[in-house]
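Chemist: Sequence:
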Amino acid sequence: VQLQASGGGLGQPGGSLRLSCAASGTIYSINTMGWYRQAPGKQRELVATVTRSTYYADSVKGRFTISRDNVKKAVYLQMNSLKPEDTAVYYCKMILNTTPLTPQYDYWGQGTQVTVSS
Numbered sequence: 001v002q003l004q005a006s007g008g009g010l011g012q013p014g015g016s017l018r019l020s021c022a023a024s025g026t027i028y029s030i031n032t033m034g035w036y037r038q039a040p041g042k043q044r045e046l047v048a049t050v051t052r053s054t055y056y057a058d059s060v061k062g063r064f065t066i067s068r069d070n071v072k073k074a075v076y077l078q079m080n081s082l083k084p085e086d087t088a089v090y091y092c093k094m095i096l097n098t099t100p101l102t103p104q105y106d107y108w109g110q111g112t113q114v115t116v117s118s
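The opening residue of the sequence shown carries number 1 in the numbering used here; numbering runs sequentially from there.
One or more hints might be untrue.
What the hints assert, rightly or not - Here are the computed lysine-lysine pairs in the DSS-like style, where the Cα-Cα straight-line distance is at most 25 Å: (1) Lys83 <-> Lys61; (2) Lys83 <-> Lys93; (3) Lys42 <-> Lys83; (4) Lys42 <-> Lys73; (5) Lys61 <-> Lys42; (6) Lys93 <-> Lys73; (7) Lys93 <-> Lys42; (8) Lys42 <-> Lys72.
Derived from the structure by calculation, the hints contain no laboratory data.
Can you make the complete structure from the sequences, with help from the hints?
Modeler: Have a look at this one:
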């Protein structure tokens, strides 16, 4: 199983960026999809998750929107009203199993850089 993240780059304060992450390989079912981020010198932190409901960190609530497409095995993060403090490497994560008999494990994407600067 591989997760491929894309959509990072340079955004302006107040602007928008959209991240995408698609899974490939043998997948039976995906439970939770989520986005995390890690700024320089800081620990990785949870940004948002989506199962049948969504969860957002307080720092992004009202600005970011997470969504998923189960057919495409993809998760998205629409980031609006960007702030310089959103600058970080963003990682997608999926909790999934590859067969109905195997446990669910965490799978991570490779990370995509988001830089918010004027």
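Chemist: Run every hint past the structure and note whether it holds.
Modeler: Structure-based check of all given hints:
At roughly 13 Å between alpha-carbon atoms, Lys83 and Lys61 fall within 25 Å of each other, so this suggested pair holds. With a C-alpha separation of about 23 Å, the suggested pair Lys83 and Lys93 falls inside the 25 Å cut-off, and the hint holds. Annotation: proposed proximity of Lys42 to Lys83 holds, straight-line Cα distance about 17 Å (limit 25 Å). The straight-line distance between the Cα atoms of Lys42 and Lys73 is roughly 29 Å, outside the 25 Å bound, and the hint therefore fails.
A C-alpha spacing of about 20 Å is found between Lys61 and Lys42, which places the hinted pair at or below 25 Å, so the restraint holds. For the hint linking Lys93 to Lys73, the alpha-carbon distance of about 12 Å falls within 25 Å, and the restraint holds. This hinted pair checks out: Lys93 and Lys42 have alpha carbons roughly 19 Å apart, not beyond 25 Å. At most 25 Å may separate the alpha-carbon atoms for a hinted pair to count; Lys42 and Lys72 exceed this at roughly 32 Å.
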